[in-house]
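Peer 1: First to last, the protein sequences are chains A and B. By my numbering, the letter at position 344 of the first sequence is numbered 344, and the numbering carries on one by one without gaps. By my numbering, the letter at position 129 of the second sequence is numbered 129, and the numbering carries on one by one without gaps.
These aren't lab readings, by the way, just hints derived from the structure by calculation. The structure displayed is predicted, hence computed values, not measured ones. Heads up, some of the hints might be wrong.
[As the list claims (entries may be wrong)] Pairwise CB distance ranges, derived in the manner of DEER restraints:
1. A/Gly50 / B/Trp217: 50 to 58 Å
2. B/Leu75 / A/Gly93: 32 to 40 Å
3. B/Leu33 / A/Pro77: 42 to 50 Å
4. B/Tyr149 / A/Thr70: 39 to 47 Å
5. A/Gly153 / B/Ile55: 28 to 36 Å
6. A/Gly50 / B/Leu52: 32 to 40 Å
In this text, a Cβ means the ideal position worked out from N, Cα and C, and glycines have one as well.
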Amino acid sequence: MQPITRREFVKRTAVAGAMLTSIPAILEACSTGTPTSNKPSKLTIAAVQGAEDGPLKKVAPMYQSQTGITMEIVEFPYDQLFEKLVTTFQANGSSYDLCMMDDPWMPKFGTMGALQPLDSNFGFTRDSDIPSIVYDVGTWPPPRGPVPPSEQGKTQHLYGITIVGNVEMFMYRKDLASSPPGSWDDVLANAQKFNKANFYGYVIRGKATNPASSDSLPILWSFGGDIFDTSWKVVLDSTASIDAITFLTQTLKKYAEPGAENTDAGDRDRLIAIGQAFQSTTWPAEVTGVVEAAGVSQVAGKMAYIPIPKGPSGKGLGMMGNWLLGIPKGSSNGSAAADFIKWLIKTDNMKTYVQNGGIPTRTSLLNDSTLGQANPYFPALAQSLAASPNWRPRTDQWNAVETIYGTAVNQAVAGLKTPKDALTAAASQIRAAMKQAGYPS
Amino acid sequence: MIRSSPNLPAPHAPQAERAGRRRLSRDERLAYLLLLPALGAVFVIVTIPFVLVLIQSVSADDGTLIGLRNYTRALGNPLLYDAIRATGVYSVIVLPIEILLGLSFALLVHRTVRWPGVRAAIYVLAILPLVVPPVAIGVVARLVYAPSYGVLNVILERVGLTHHEVNWLGDPTLAMLAVASVDIWQWTPFVYLVLFSGLQTVPRESVEAAQIDGADWWAQFRFIDLFYLRPLFLLIIFFRLADVLRVFDHVFILTGGGPGTTTQLLSLYIYRVEFKFFDSGQAAALAVLVLVSFSILYRLISRALPLERT
Numbered sequence: 001m002q003p004i005t006r007r008e009f010v011k012r013t014a015v016a017g018a019m020l021t022s023i024p025a026i027l028e029a030c031s032t033g034t035p036t037s038n039k040p041s042k043l044t045i046a047a048v049q050g051a052e053d054g055p056l057k058k059v060a061p062m063y064q065s066q067t068g069i070t071m072e073i074v075e076f077p078y079d080q081l082f083e084k085l086v087t088t089f090q091a092n093g094s095s096y097d098l099c100m101m102d103d104p105w106m107p108k109f110g111t112m113g114a115l116q117p118l119d120s121n122f123g124f125t126r127d128s129d130i131p132s133i134v135y136d137v138g139t140w141p142p143p144r145g146p147v148p149p150s151e152q153g154k155t156q157h158l159y160g161i162t163i164v165g166n167v168e169m170f171m172y173r174k175d176l177a178s179s180p181p182g183s184w185d186d187v188l189a190n191a192q193k194f195n196k197a198n199f200y201g202y203v204i205r206g207k208a209t210n211p212a213s214s215d216s217l218p219i220l221w222s223f224g225g226d227i228f229d230t231s232w233k234v235v236l237d238s239t240a241s242i243d244a245i246t247f248l249t250q251t252l253k254k255y256a257e258p259g260a261e262n263t264d265a266g267d268r269d270r271l272i273a274i275g276q277a278f279q280s281t282t283w284p285a286e287v288t289g290v291v292e293a294a295g296v297s298q299v300a301g302k303m304a305y306i307p308i309p310k311g312p313s314g315k316g317l318g319m320m321g322n323w324l325l326g327i328p329k330g331s332s333n334g335s336a337a338a339d340f341i342k343w344l345i346k347t348d349n350m351k352t353y354v355q356n357g358g359i360p361t362r363t364s365l366l367n368d369s370t371l372g373q374a375n376p377y378f379p380a381l382a383q384s385l386a387a388s389p390n391w392r393p394r395t396d397q398w399n400a401v402e403t404i405y406g407t408a409v410n411q412a413v414a415g416l417k418t419p420k421d422a423l424t425a426a427a428s429q430i431r432a433a434m435k436q437a438g439y440p441s
Numbered sequence: 001m002i003r004s005s006p007n008l009p010a011p012h013a014p015q016a017e018r019a020g021r022r023r024l025s026r027d028e029r030l031a032y033l034l035l036l037p038a039l040g041a042v043f044v045i046v047t048i049p050f051v052l053v054l055i056q057s058v059s060a061d062d063g064t065l066i067g068l069r070n071y072t073r074a075l076g077n078p079l080l081y082d083a084i085r086a087t088g089v090y091s092v093i094v095l096p097i098e099i100l101l102g103l104s105f106a107l108l109v110h111r112t113v114r115w116p117g118v119r120a121a122i123y124v125l126a127i128l129p130l131v132v133p134p135v136a137i138g139v140v141a142r143l144v145y146a147p148s149y150g151v152l153n154v155i156l157e158r159v160g161l162t163h164h165e166v167n168w169l170g171d172p173t174l175a176m177l178a179v180a181s182v183d184i185w186q187w188t189p190f191v192y193l194v195l196f197s198g199l200q201t202v203p204r205e206s207v208e209a210a211q212i213d214g215a216d217w218w219a220q221f222r223f224i225d226l227f228y229l230r231p232l233f234l235l236i237i238f239f240r241l242a243d244v245l246r247v248f249d250h251v252f253i254l255t256g257g258g259p260g261t262t263t264q265l266l267s268l269y270i271y272r273v274e275f276k277f278f279d280s281g282q283a284a285a286l287a288v289l290v291l292v293s294f295s296i297l298y299r300l301i302s303r304a305l306p307l308e309r310t
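Sequences are here, hints too, so could you generate the full structure?
Peer 2: Quick look at the structure:
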């Protein structure tokens, strides 16, 4: 064999290296954008880390053993999942075949055209055992309420199927109170009655932005207030809205825990679980994860769960916080991903999912007495879903709106501003943001 | 390939040299070749993103160029000035305290600890806070300051210093002090390590000569140690200022920018503009403004604290 020079060796190595490193890119380029009906070897799910994806992780191996398709669940914390999905969708990336989505994200993803329609592409139809609101929340443009200007006239499609049927509810100590609070006046009366040293009459989840927003919206709605009216006009500085936030941040706050402006869900659950608080709003995951968790909570079995109490408007409006599964447009395994969703929401499989800590959407499972024994909030959740709870305004600007609104409520809870000043300033900021985004101001 | 001969002048060589375009020697070519991977990496990781940010800062969401409109919007938002104020207050709290504490520890160890084993142990202890992920520090700090179950309140009440719960994260002033304290805990060791290594370079003869001349500890510090440490102060201020502009994790976990926006530092504000408001143009404009402001600030500081010893 003829010896080669060093220069020649370097040149040949460089050429070989370049060829080898380009092979994956060439293969990727050949496969991109060509949806295949062949069974993929793997489905990748982008999921939120925590109680919401725990049951999914438990049942996914069952699907894997039945079909031979490896289920890879990539977890992200709440905020990071949203950012990761937005950037992936902007790049039309094919990293994920399925993604978990909080329902307020649907407008953003719907407006971006980031998801594959489940009805027209994969034959999904409505099931009478699942409340219609659950399908509505996964439909874009929204089938009820105001539609963003850019989305008006677009054909509605189903883009997401709920796998965590979260609705915000109310919890109180049933071992102390003889009857459930029917209204926010009753809530206040109970807060006054049971408040004492080291036992708080009410827990406010008042940490800035998302926590304060989530905690206060059901009260805002129950008082007849809102952020927008039906034509996207900002009404956050209306009398009803100001009354609602004044009730929460001044009247009810007198009986709330110290440091309410920095309390998040974990802090609230802790206060309830160690028996230092009487009542608060709650989400299903908080109930199963902490408040009713044996060995963790001192009040397991002592709490009752009811839909959000009524306000002066005569309504008690819970807030949806569904987690949905959708199929990103960039995925080339759409059919297989759709099969997985269909498999997951079948009654038997959803029952297994619930037995592993999942929160169902099927009315039959929510009313199942056996499942209800382990999940005492199921009847309240079934009632809340049947009563068509409110969803957060269906706008792709929701994150901005929530940040402004949640900061204003936090300012009011902290006493930095009066509720009126905080909401007036927030309304002004929201008007500016919405105008910038092309909404009528 | 034409090779230049040492005996014969290359054709047109005088003109080429006059124009500053002489041919590179073999060694020079090799040097450039070896530099290429590093420069390529810097180009890909730093230059391209920076150019993209610059383009984004003058573009609308659909990519059309809109001049300086994003900058006007960014500068017209009152929340920006709240964030600048919060960042300024944060810097004014953390930087002097970290430098004074770090300097004090460095002098103390330099002058009193002689045993190498103890010095090594202190070195390891000082490294520890620097390698702990900021998220973990934020979570632990929350356990310290949290309302109703925070360790600090329990300790203060047990020793009788307070008789009621201090609202560390809910009061605007205390919340700022709480988030600043986490920074001070994590980054004072960095200042200590830099200054301690600087003190090792002080010539022993100078110190001994000063001692013979009767210089007390303050005179030794002022006229000898400080002379050698001065360039390091610039380094510390530069790094710490850059870090303060990037502070995010522990503030996000401890207060989320609250109460209200009192602890919403610049980094958190820009994050919200980008990832909550999805206003990429304004976020890019803010990033460019921060970079330019920081460069100006750095120039001013480096004039006051020259890198060379004079």
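Peer 1: For A/Gly50 and B/Leu52, compare the CB-CB distance with the range 32 to 40 Å and indicate the outcome.
Peer 2: 33 Å, holds
Peer 1: Lying within 28 to 36 Å: is that true of the beta-carbon distance A/Gly153 to B/Ile55?
Peer 2: 33 Å, holds
Peer 1: Holds or violated: the 50 to 58 Å window for the beta-carbon distance between A/Gly50 and B/Trp217?
Peer 2: 56 Å, holds
Peer 1: Quick check on a hinted range of 32 to 40 Å for B/Leu75 and A/Gly93, using CB atoms only.
Peer 2: For B/Leu75 and A/Gly93 the Cβ distance comes to about 34 Å; the hint holds.
Peer 1: CB of B/Leu33 to CB of A/Pro77, is that within 42 to 50 Å?
Peer 2: 44 Å, holds
Peer 1: Taking 39 to 47 Å as the stated bounds, is the beta-carbon spacing between B/Tyr149 and A/Thr70 within them?
Peer 2: 42 Å, holds
Hint compliance for this structure: every hint is met.
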